[in-house]
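Chemist: These are the residues of each chain, in order.
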Amino acid sequence: MATVSVRAVRKAFGSTEVLHGVDVEVEDGEFVILVGPSGCGKSTLLRMIAGLENVTRGEIAIGGRVVNNVAPKERDIAMVFQNYALYPHMTVHDNMAFSLSLLNAPKEVIAAKVGRAAEILGLQPYLQRYPRQLSGGQRQRVAMGRAIVRDPQVFLFDEPLSNLDAKLRVAMRAEIKDLHQRLGTTTIYVTHDQIEAMTMADKIVVMNGGNVEQMGGPLDLYDRPDNLFVAGFIGSPAMNFLKGEIRGGAFHTGDVALPLPLQVPSGAQDGRRVIYGIRPEHLLLDAAGVAATVHVTEPTGSETQVIMNLGTTQVVGAFRERITQKPGQSLHIAPDPALVHLFDEKTGTRLS
Amino acid sequence: MTDAKPISPAEADQRVDAEVSGGVTEGEGPQLLSWDSRARRIVTVYIPLVIFLIVLLFPFYWMAVTTFKPDNELLDYKNHNPFWISSPTLDNIKKLLFDTDYGHWLVTTMFVAIGSTFLSILASVLAAYAIQRLRFRGSDYVGLAIYAAYLVPPSILFIPLAQVVFQMGLFDTPFALILTYPTFLVPFCTWLLIGYFKSIPYELEECALIDGASRLQILRRITLPLAVPGLISAGIFAFTLSWNEFIYALAFISSTENKTVPVAILTELVSGDVYHWGALMAGALLGSLPVAVFYMFFVEYYVSSLTGAVKE
Ligand SMILES: Nc1ncnc2c1ncn2[C@@H]1O[C@H](COP(=O)(O)OP(=O)(O)O)[C@@H](O)[C@H]1O
Ligand SMILES: [Mg+2]
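Protein chains in written order, with the numbering used here: chain A, 1 to 352; chain B, 1 to 312.
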């Protein structure tokens, strides 16, 4: 186990820079998830940590040792690729034993380690099969088994669940998390799926366009997003944003007035143009609230999502209560003032 | 059965059987349709195929027929059917095997073909892997240069190569051929293998790199096992070309016992303007057998490995 430090790392392919100075600190034993829309440079960063791409500028250290010029095999890491990269001509057993056999490990050691990994992952019945004879979830497990067998300092995962169907993805999510809790190995995991990030991570690094937007615990990001990007990216359905200005101790958009946060941020003087953010689940039914026109209702059973027009803006609300209003009718709602966010209109950063 | 008359279950079964086995029975719509499609298949598939086969196989047939014909039938088409043998004989084969060095030629040809194939594949694997995977500076140009070398015709190249062969003291030895055949084998095999390596997911190699394999270990344990179909097609190509090669073999070998089959049967079995057609054809027939066997054995392997494990 080890810490991983990424310091001011830049990466350019030819003349195009795709990472513009990234800093990430991963504690020993931590489960860190790099999340962001596709093309933002997550895989590139992970591959640099693995040693598959060289570092254009900056420094990467694993366990305190700078590894910029260290070959992948000397870094003591294991990586699980998006489409598993299982060796098609080797059995499950040989796939898992490959790295050990390269080290000329004694037969008993290989048997013991492969056996243990197979046991952890429930792969014993499949050891003599070839990858093409396995289902997607089993292949995924073999890929993880190959990583476990090496007993590395750091696990790296690049979108390992994106080729699985939705149900299996949920099951494997829990399995990977459980595995991390049992082995306690430092893990860096890449995904574009914020739900995966929220459910699995100790710490989330939100990336966008080659920059880190925010880093922190899942609930920190949910409760106190630093900027509009993080606010919109984390949480599902996504946060509602309303454009307007502060006047007389309230937020005004069109002819709708909404309450300011309980703790009014210092920069929220009268006349300031801001973006008002409220999550769908933080909109409450309130007879004394503002009237919104119902557009579409989507009951899921446990809650009902309502798409409605508030003034000129379309917002989404998620309510525990059953909604009886039909499209076109009005619904009185009020934001929970404890859970309102304000962002600067120009820079998109949080007012605090 | 043209009238709408009730059909007994047994009859119905029969009809199904007939349709399933593609049998043609006269009568109604569906059968007409299948007859129609059958006719179409004959016109579009079987007839062209048969014509193709006749054109392709006729030389072999002629070769075989000539091999077993006695001389009087061979030279007199007026009284004998040229396409058939009335009294087959093994004289020509006997003459070939016992009056010439044929066995020796076969062994030499085999040695040269295997040697040059092995050398070429070895060089091509290393070249193709380096060009496709190591992507060193200028690898594209190296690839192009290798291809350009392929475009120089052997009929021009044999002159400078003769100089080299002489100076290395290899003239009239099998090594003259083993070392010169790769000049045309390596470029083609390299290009074929570059294409093949490209089809193997690079992630597999990255994964092996992290697993702790060196480049050579990756080549030996990951890339080559997955490239077996490509290696086999390159091997078939190289073997066949070396087996049949004529110009270099004619230019670089002078003594009778060192000749390869294609050159030997033409130079040793034609005395002046007398063609020993029977023995000549016997030599050609026996000479093409190893290649045919080689194909038969590997083509099956080739097809099965193509449809097998490579993807995923
Ligand atoms: N080998 C490469 N050469 C050039 N550009 C690349 C290469 N690999 C990735 N990129 C670019 O870098 C950016 C980030 O890619 P990537 O890290 O794969 O994104 P993601 O966050 O989806 O994993 C993309 O714009 C991609 O086009
Ligand atoms: Mg990616």
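These are calculated hints, taken from the structure and not from any lab test. These numbers were taken from a predicted model, which means no experiment stands behind them. Just so you know, even glycine gets a beta-carbon here, dropped at the ideal spot from N, CA and C. Errors might be hidden in some of the hints.
[Said to hold, decoys possible] Pairs of lysine-lysine, DSBU-like flavour, derived with a Cα cap of 35 Å: (1) Lys243/A / Lys177/A; (2) Lys203/A / Lys177/A; (3) Lys78/B / Lys73/A; (4) Lys113/A / Lys198/B; (5) Lys203/A / Lys346/A; (6) Lys95/B / Lys78/B.
[As the list claims (entries may be wrong)] So the derived list for chain B, only partly shown, Cβ under 10 Å to chain A, looks like this: (7) Pro70; (8) Asp71; (9) Ala130; (10) Leu134; (11) Pro225.
Chemist: Please go over all the hints and tell whether each is borne out by the structure.
Modeler: Hint by hint, here is what the structure shows:
Straight-line distance between C-alpha atoms of Lys243/A and Lys177/A comes to about 39 Å, which puts the hinted pair past the 35 Å bound. Proposed proximity of Lys203/A and Lys177/A is supported: the alpha carbons are some 13 Å apart, at most 35 Å. The hinted pair formed by Lys78/B and Lys73/A fails the criterion: a straight-line CA distance of about 80 Å is larger than 35 Å. Between the alpha carbons of Lys113/A and Lys198/B the distance comes to roughly 34 Å, so the proposed pair stays at or under 35 Å and holds.
Taken as a hint, the Lys203/A and Lys346/A pair is honoured in the structure, with Cα atoms around 28 Å apart against an allowance of 35 Å. The straight-line distance between the Cα atoms of Lys95/B and Lys78/B is roughly 26 Å, inside the 35 Å bound, and the hint therefore holds. Given hint, Pro70/B at the interface with chain A, is violated; its Cβ is 55 Å from that chain's nearest Cβ, farther than 10 Å. Of the supplied interface hints, the one on Asp71/B is violated, with its beta-carbon coming no nearer than about 56 Å to a beta-carbon of chain A, more than 10 Å.
A cut of 10 Å between beta carbons decides the hint on Ala130/B: the least distance to chain A is about 18 Å, and the hint is violated. Below 10 Å, beta-carbon pairs count as interface contacts, and Leu134/B has none with chain A, the closest being about 14 Å; its hint is therefore violated. Hint status for Pro225/B relative to chain A: holds, with the closest Cβ pair at about 5 Å, below 10 Å.
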